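S.K.: Protein chains in written order, with my numbering: chain A, 1 to 109; chain B, 1 to 580.
Note that these hints are calculated values from the structure, not bench results. The structure displayed is predicted, hence computed values, not measured ones. All residues carry an ideal CB built from backbone N, CA and C; glycine is no exception. Relax, there's no trap hidden among the hints.
Quick look at which bits of chain A chain B covers, simulated, 3 or more residues with Cβ under 8 Å:
{"id": "1", "segment": "13-21"}
{"id": "2", "segment": "53-64"}
{"id": "3", "segment": "72-81"}
{"id": "4", "segment": "87-93"}
Okay, here's what each chain looks like letter by letter:
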Amino acid sequence: MSEQSKKTIEVRGFMHLDAAFRKKGPIPFIMELEEPITGAELANKLEIPWDEVEVIFINGLTYALDHEVHPGDRVAFLPPGCPGPYRLALGFYSKNQNNEANFKIKKKD
Amino acid sequence: MNKFIRVDMTTMKVTTDEVPDKYVGLGGRALTSNFVADEVKPTCHPLGKNNKIIFAPGLLSGTTAANSGRISVGAKSPLTGGIKESNSGGSFSQKMAKLGIKALVIEGMPEGDKFYIVKIDINGVTIEEAPTEILGGCGNYKAIEVLSAKYGEKVGIALAGPAGEYRLPAANISFKDPEGNIRSAGRGGLGAVMGSKKIKALVIDETGAGAVPIADPEKFKEAAKVFSKALLDHPVSGQGLAAYGTDVLINILNEAGGLPAKNFTTGRIDWNDNISGETMNATIQERGGDGKISHGCHQGCVMRCSQWYADKNGKYITSGFEYETIWGLGANACIKDLDAIAYIDREMDDIGIDSIETAVAVATAMEGGLLPWGDGEAVLAAVKEIAVPTPLGRLLGSGTGAVGNACGLFRVPVVKNQAIPAYDPRNIKGIGLTYATTPMGADHTSGYCIANNILSIGGFIDPLKKEGQVDISRFLQIGTASIDSTGMCLFVWFGIADNPPAIQALVDMINAQYGLSLTIQDAVVDLGKAVLKAERGFNKAAGFTNEHDRLPEFFEYEPCAPHNLVWDFTPEEIDEVFNF
Ligand code: SF4
Numbered sequence: 001m002s003e004q005s006k007k008t009i010e011v012r013g014f015m016h017l018d019a020a021f022r023k024k025g026p027i028p029f030i031m032e033l034e035e036p037i038t039g040a041e042l043a044n045k046l047e048i049p050w051d052e053v054e055v056i057f058i059n060g061l062t063y064a065l066d067h068e069v070h071p072g073d074r075v076a077f078l079p080p081g082c083p084g085p086y087r088l089a090l091g092f093y094s095k096n097q098n099n100e101a102n103f104k105i106k107k108k109d
Numbered sequence: 001m002n003k004f005i006r007v008d009m010t011t012m013k014v015t016t017d018e019v020p021d022k023y024v025g026l027g028g029r030a031l032t033s034n035f036v037a038d039e040v041k042p043t044c045h046p047l048g049k050n051n052k053i054i055f056a057p058g059l060l061s062g063t064t065a066a067n068s069g070r071i072s073v074g075a076k077s078p079l080t081g082g083i084k085e086s087n088s089g090g091s092f093s094q095k096m097a098k099l100g101i102k103a104l105v106i107e108g109m110p111e112g113d114k115f116y117i118v119k120i121d122i123n124g125v126t127i128e129e130a131p132t133e134i135l136g137g138c139g140n141y142k143a144i145e146v147l148s149a150k151y152g153e154k155v156g157i158a159l160a161g162p163a164g165e166y167r168l169p170a171a172n173i174s175f176k177d178p179e180g181n182i183r184s185a186g187r188g189g190l191g192a193v194m195g196s197k198k199i200k201a202l203v204i205d206e207t208g209a210g211a212v213p214i215a216d217p218e219k220f221k222e223a224a225k226v227f228s229k230a231l232l233d234h235p236v237s238g239q240g241l242a243a244y245g246t247d248v249l250i251n252i253l254n255e256a257g258g259l260p261a262k263n264f265t266t267g268r269i270d271w272n273d274n275i276s277g278e279t280m281n282a283t284i285q286e287r288g289g290d291g292k293i294s295h296g297c298h299q300g301c302v303m304r305c306s307q308w309y310a311d312k313n314g315k316y317i318t319s320g321f322e323y324e325t326i327w328g329l330g331a332n333a334c335i336k337d338l339d340a341i342a343y344i345d346r347e348m349d350d351i352g353i354d355s356i357e358t359a360v361a362v363a364t365a366m367e368g369g370l371l372p373w374g375d376g377e378a379v380l381a382a383v384k385e386i387a388v389p390t391p392l393g394r395l396l397g398s399g400t401g402a403v404g405n406a407c408g409l410f411r412v413p414v415v416k417n418q419a420i421p422a423y424d425p426r427n428i429k430g431i432g433l434t435y436a437t438t439p440m441g442a443d444h445t446s447g448y449c450i451a452n453n454i455l456s457i458g459g460f461i462d463p464l465k466k467e468g469q470v471d472i473s474r475f476l477q478i479g480t481a482s483i484d485s486t487g488m489c490l491f492v493w494f495g496i497a498d499n500p501p502a503i504q505a506l507v508d509m510i511n512a513q514y515g516l517s518l519t520i521q522d523a524v525v526d527l528g529k530a531v532l533k534a535e536r537g538f539n540k541a542a543g544f545t546n547e548h549d550r551l552p553e554f555f556e557y558e559p560c561a562p563h564n565l566v567w568d569f570t571p572e573e574i575d576e577v578f579n580f
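Next up, chain B with everything else stripped away, as it sits in the complex (with noise of 0.2 Å):
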């Protein structure tokens, strides 16, 4: 991969360089925020001229390495006003692999109201108008049916849907997966920047391009091998989230009681058989027709954590269909149907809005008198109304933190104003850390698994208690910030985390693919501290302290059920967690 292409929207001219040197060895989301560091204003605004949206590979993206087609965005973010990445599946991250492209970067902001198409290819980059049919509301699966009928069936595509268009700040890139499905770069609004940048989609066709060039084919097929068998022999990552999907979480939490719930009124609900991934995967089953158990979100992915959720005929309503989104409906808005949750999952990847923003949001629109609890009707009605959009429809893509303020209340789980998704801090204390001090907002992504030294930290664990927790936080940001940087679906994580020789074959892809002999602590370590460097000296310039890494106060005074427990580290103890 050595184009680095930028796209200037004021000049409409595309430019493309060789990569820079120091960005040479980075993907993913390491290249994305050492690049948003580099290049973007830290104060500017996020839908000005200024900021900068950037769309990588990872390290191992377009090679034959199970689950290594993630996609890193990175821009500055409208819903946090600190840095972002997000990532996704589909089959964007591939195609621009195979055609050699380490990163697109998209600058400037055009004149007018006119919507662009940016089309890459074998043979460059082109901006076009986009089809006026595909704006003003239109969805994004029609938007995908009626761009891949124009650039081909094949295409890759990545687009601002509606909610994108309309610039609010919990939009989010869709991206076209395998079938012409929708997958998310769900958090943070980046949507919005794409479509301040009036880009309404980004359109990639490989045809011609060869294979990723590997320095070492036979050292890498080896290493691949050992890997994606690590992966399939392994309980978590080649049964449990194949079968169940992550929707497998809510019984799990409800039991450990740390299932938010009610707008993180408590943690146990007694209606979690009607939202259960066992539940759902019984459904899918019984109902049969386009209904499918498990999914791969991109090509090569094999632990399919996806699936497609069928209606009672039979009728695809939706895939991808995750614990968050289910949770954020089910439990915490108390729709108790799973259906219901299914159409409101569909319309929310239809009109391009981060369903976990949204789902928290609407419940604390519950909270504050907008919308009828546990009404499933009336909730998808209300967001249907982003895609017109009405005032309440904007209101509910502008996030929790939006509706909290407008609603007058002091109950609005957000940090730095992104919504806490699906597991409760009192109850589960480590996570609540991670909340509190990861630079993108409260993201539960953002604490995922690393390596052997958590093995030895997680022998102190109780959820209820503090002892370890700080170490397990930073250890695992550190992780997360590494993987998201290889292209690799983060649950990978799940099947190697305990398995020293495939976190090793990990490292040895990378060292194969290209002619490089990184260790362990190099790929995985030390770069993932230095990404969350990177990321938290963007935040402090675009002014950020340690106090924006606290949780809303509502959790040190109101406990949870069913331990009764509230948030009781000092700002001390957060604050050690970047203590590296």
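Just chain A, with the same shape it has in the complex (with noise of 0.2 Å):
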């Protein structure tokens, strides 16, 4: 669904990251793109912590960290922290069954 003429992306953050995002301005967060990128480079760029999220959303669907974002995209980003039957239901699960974030017990310090 990406429009290739577009050479931006729409960025949000979920949970404690909507805080985080709050703080670089309005939302949804505006930011170029030339190229597409993957979830994770692009966590890097937003220096959002990996263990901080479960999963990606790409226009309205769920992915692992690692996809690819093309300019013209929808993206958010998930912390661990979204109720377990929904997390099922939305494909969490199944989509990122190698993210250590995902369905594992993170112990607190």
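Put the complex together from the two separate chains, hints included.
M.R.: Spelled out as structure tokens, the structure:
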């Protein structure tokens, strides 16, 4: 669904990442993007630690962090913490079985 | 828990018996549903003398087990015409368990118009006339104050609000929480059943009762520790829910395109920021005063998904401000202001009406031209009319199906006449199967999480595709039925579903309390299946067939943006869910 003519992406963050994005400016955060990059590279650019992301949404569909983001896409970063049945129903579990944050218990320090 | 109490409102007699053998190992939903299936005439009128309403704590209620204080209420539903189990927090369940009461049943129906209070304490059960000041439209907040002043600040209370007194099909039963605020056994109109039996309130005082007996206290303590640590360590149950409440789902469902809006005509909105959990959290923090980001609906809740939402001056408006209510008013009825939604939520609690059913009914009324889209003030005024009740108030209190009929609409989002909540079945297919097939009528809590096999099936799930969805819906429904029987808040599954030692700890607690040696298969899978079978058996005898397990037809021909999908499961595929 990416529109080739666009050279920007719309980015959102949920849960505590929402507050972090708000510090950057209005929501959604509009970011210039000339060439496709992976979600992981995008996270790096935005200074979001990988273990704070369970899945990313790209144009309303769930993907693992290594999926490619194209100019024109609508992207959202979701930290671990979405209630259980929904992460199943929304496909977080199936799309993202190799991610540490997916359905794994992270010990509190 | 060895007492089985029956209150006969025809003769005004109370009998206390030993628990019948067949119910000894059951609690919560397993007990209420088996009882209704055994004793209620399936074809009876839900508001007539042959319906019975049963209150039962869960198996672990009253113990120190984290999150075990939920109460189940069962009866034939005036909304769906089928069996109903609805559960709630508050302090009632733990007090019943401490008094050794396995179940309290209300049957029969008195002559005349008087309303009564059923008072339960260490000396037994008495029936008294209800004080007139809490009748005829008195709100629940005031009624709780009056009853607490009369019977003691610490008593537990289960109330039929004005909606219950008027026997409206969407009336809930309101439970006093530890701070004197309100939690609800919301769905299916059980408040109307209470009202039909002329019970205004049950009041319970456990003064003088000892602790709940535990067969093996050491083993129990150990298992309880493992269990609560699992909850606290998990990112969902330990952190996500406490910070953002269930309203965390607004942004997530909106992004996924599964947030039904404007009476189910689209799956995404652009005002999600106004009503999201993130915004609620920031607003509560900013306003200070009475506001609290997290709060437990009963003593012993360690996950604390509830909150106190305060107004601009920091004054308490409402608590337990849930995703489904905020979705219903905010996205589905297009009210773009969280404060306006909070005042309506408070009013619904005060009147004792199911906030999901009523929010969906409001959006349906908007589509039918009875109310202006998105007008919070008009909705608040209309909801207040339920307490009068005016004809519009009665109509809203009769639920979404009734409003849809009265307005001549085809887009009426109900299954078995109960409103579909908060997740669009066209873009999140698995949840649609649960709405269609649960014996409860469209209910999102019927399909919560279970155990290990889920995780393997979960590996294929794509929300937009059919693969694996039938299996998931079946396993989720079985797991939910068993959790609802323990007295545990369903949300514990967020914290233990992916943690086998924690599931074992839950079963170990039951074993240690009752001196049993159940396995996970017995306590979770087999029990859950048996509960669902009893419920489905009741519905069948009440006249329900497979054809009632269908979503409204418009889902099949109205595509839902942004993914533009329709509901495309065949009847045969849907019927597979209950093939076990
Ligand atoms: S997690 Fe929420 S619903 Fe569950 S017991 Fe705690 S406050 Fe109540």
